[in-house]
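K.L.:
Given next are the chains, with one letter for each unit.
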Amino acid sequence: MLRVWQALLFLGFLAFWHAATSPTLLPPIYFDDPNKAAFFFGEPLRVFERIWIWFSSGSIYPHLGVTLLETMLAFVVGTALGLGVGLWLALSPTASALFDPYIKAVNSMPRVILAPIFGVWFGLGIASKVALGVTLVFFIVFFNVYQGVREVSHTVLANARILGASERQLLRHVYLPSAMSWVFASLHNSVGLAFVGAVVGEYLGSSQGVGYLILQAEGTFDINSVFAGILVLTAFALLLDWAVTLAERRLLVWQPKSGETEKL
Amino acid sequence: MPAAVPAIALEDITVTFVSPGGGRYTALRDTTLRVAAGEFVSVVGPTGCGKSTLLNVAVGLLQPSAGRIRVFGEPLEGLNRKAGYLFQTEALMPWRTALENVTAGLEFRHTGRQEARRQAESWLQRVGLGGFGARYPHQLSGGMRKRVALAQTLILDPQIILMDEPFSALDIQTRQLMENELLELWSANRKSVVFITHDLEEAISLSDRVVVLSAGPQAHPIGEFAIDLPRPRDVAEIRLTPRFIELHTLIWRAMKEEVLKSYAQQQRQ
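Chains as they are written, first to last, in the numbering used here: chain A, 1000 to 1263; chain B, 389 to 657.
Calculated directly from the structure, the hints in this document are not laboratory data. Among these hints, one or two may not hold up.
Claimed, not checked - Computed spacing ranges between beta-carbons, pair by pair:
#1 B:451 <-> A:1187: 43 to 49 Å
#2 A:1103 <-> B:426: 53 to 59 Å
#3 B:498 <-> A:1188: 36 to 42 Å
#4 B:435 <-> A:1080: 46 to 52 Å
#5 B:500 <-> A:1079: 29 to 35 Å
#6 A:1142 <-> B:516: 38 to 44 Å
#7 B:516 <-> A:1153: 25 to 31 Å
#8 B:612 <-> A:1103: 53 to 59 Å
#9 B:498 <-> A:1142: 33 to 39 Å
#10 A:1187 <-> B:628: 58 to 64 Å
#11 A:1153 <-> B:498: 21 to 27 Å
#12 B:516 <-> A:1105: 51 to 57 Å
#13 A:1017 <-> B:522: 51 to 57 Å
#14 B:622 <-> A:1252: 36 to 42 Å
Beta carbons are placed, not taken as given, at the ideal position from N, Cα and C, and that holds for glycine.
All chains, full assembly: derive it from the sequences and hints.
P.N.:
Right under this line is the structure:
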C-alpha cells in the first residue's frame, strides 16, 4: 500500500509539472509568454521522450559507461588508499601525530575546487575525474578505518595476542576485519561521493560522460535534456545504492542487526 | 619435571600504575603466589583489589614494577606462551564463526587447515556446542559464548590456565553448569589453574587451594586455605556438605574485614 502511495506521489508530481509547464493547458500565471515556463522548467513528456531516444538509439551508453567507469575507479582507488593510510596512521602514533593537522586541513578544504587543477594535471579524460572522486572517497574511508582500528576491543586484541598472533596476524585477523566493518558502514557514502566526483568532474570539463551531456545541453538552452540527464543520473545513483545494500548484506553477516534476537 | 618446581611462580610482585597527571596507584604490593603443576588455585578478594592485575602480570600483558615471574622455573619474558587466558568480558572475534574462533590459535601457529578444523570440531563437541560451529558470536547466548571461549583456549593445550572471573556475567544455573563442565574438563587432563573470582562459594567448590587478597590499594595475600573436599565434586551439591560450610565460615571470617574496608572506600569516593 505504501508503494502505491509513493507511486501516486510521483505521478502527481509529474502531472503538476506537466500542467504548469504546458504552453496550452493552463493560461500563463506568472510568465507573460506561455512558452516561457517550458523554457525554464522543461516539459516532462519531452524529458521522457529524450531519455527514450537516448536509450533506444543507444547514444547514451558510451557516456553512461564512462561515468560508471570513473565512479568504480574512484571508489576502488579511494577505498584502497583510505584503507592503507588509515591502517598505517592508526597503528603508528608518531606518524598520526605528525600528519594530524594536515589531514584536518585537507579534509576541511572544499575539494571540488581541485577539479580544474586535476584537469590541468591529468587532462580532460577519465583520469582527472577519477582523481576528484578519489579525494572525496579517500577521506570517508580513511576516517572510518582510523576509527575502526581505534575502536578494536582491547580484550579481543589481548586475547588474539595470547592465542599466539604475531603483529602481522593481528593486522590481518583483528585490525583489518574491525576496520572493514566501519568501511562497510560508510559504503553508501563513499559510492555516492565517487559518483558525485565523476559527474562534477565531467561537468567542469570533459569530452564524454553524462555530466558532459548535461553541460552540452545547458550550452544550447536545451533544458529538457538537462532534466533528462539529471533523471538518468538519479536512477543510476539509486541503482548503485541498491547494489551496495546487496553487497553489505553478504559481507556483514557477522554483525547483529538491530532488533535481531539471539538464535539459540 | 621435578614436582617442586611450580608451574607458575609470582614472587614479590608489586604493581604501581602511574597516571598521566603524575598520580600513583599501587594495586599490588609484595604479592607472592605459587601454583604447582596440576593444581587448581582460586584467588578471592573484594572488588577492586587487583585480582585481574595479578593475572595480567602472570600472562605477561603487564610488566610488574618489581618482582619476578617464573614459568616452570624459567623467568618470563614477553607473553606467557605456556598459558591460556579466559577473559571476564567478550573476547571472541565477532567476525569469525564459533568454529573459526576455536581454530584461531592453531591458525596463528600455522597448523594445517584440515587438522585445525578437525580439532576445533572435536573441542566444540566437548564443550557441548557440536552443531553450532557455523554460528557467529552474536547468534549465541552468553553461556554458549563462554563455552566457545573455553574451547578456544583449551584447544592449544596450555600448561597453565588463567581465568579472570569467567562466569561472573552468567546467571546462576548456567554458571553452575559451566563450573561442573570446567571441573570435568580439568580433571580429564590436569593443568594448573589460577581462577580469579569474588565469589567465595565458587572458589571453594572448584579449588584445591583458596588465596584471599586484601582490599586495594596495595593488595597482598592475607590468607591461604587448602580445600580438602573430595573430588569429583558437583558444585551445586557440595555447597550443602558440612565441611564446605566449615571452610566457608573460616575463609569468610578472614575476608569479611577486607570486604568491609573495600566497601567503605567505595562509599568515600
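K.L.:
For every hint, state whether the structure bears it out.
P.N.:
Hints versus structure:
no., hint, in the structure
1, B:451 <-> A:1187: 43 to 49 Å, "holds, 45 Å"
2, A:1103 <-> B:426: 53 to 59 Å, "holds, 57 Å"
3, B:498 <-> A:1188: 36 to 42 Å, "holds, 39 Å"
4, B:435 <-> A:1080: 46 to 52 Å, "holds, 47 Å"
5, B:500 <-> A:1079: 29 to 35 Å, "holds, 31 Å"
6, A:1142 <-> B:516: 38 to 44 Å, "holds, 43 Å"
7, B:516 <-> A:1153: 25 to 31 Å, "holds, 29 Å"
8, B:612 <-> A:1103: 53 to 59 Å, "holds, 57 Å"
9, B:498 <-> A:1142: 33 to 39 Å, "holds, 35 Å"
10, A:1187 <-> B:628: 58 to 64 Å, "holds, 59 Å"
11, A:1153 <-> B:498: 21 to 27 Å, "holds, 26 Å"
12, B:516 <-> A:1105: 51 to 57 Å, "holds, 54 Å"
13, A:1017 <-> B:522: 51 to 57 Å, "holds, 55 Å"
14, B:622 <-> A:1252: 36 to 42 Å, "holds, 40 Å"
Consistency note: the structure conflicts with none of the earlier hints.
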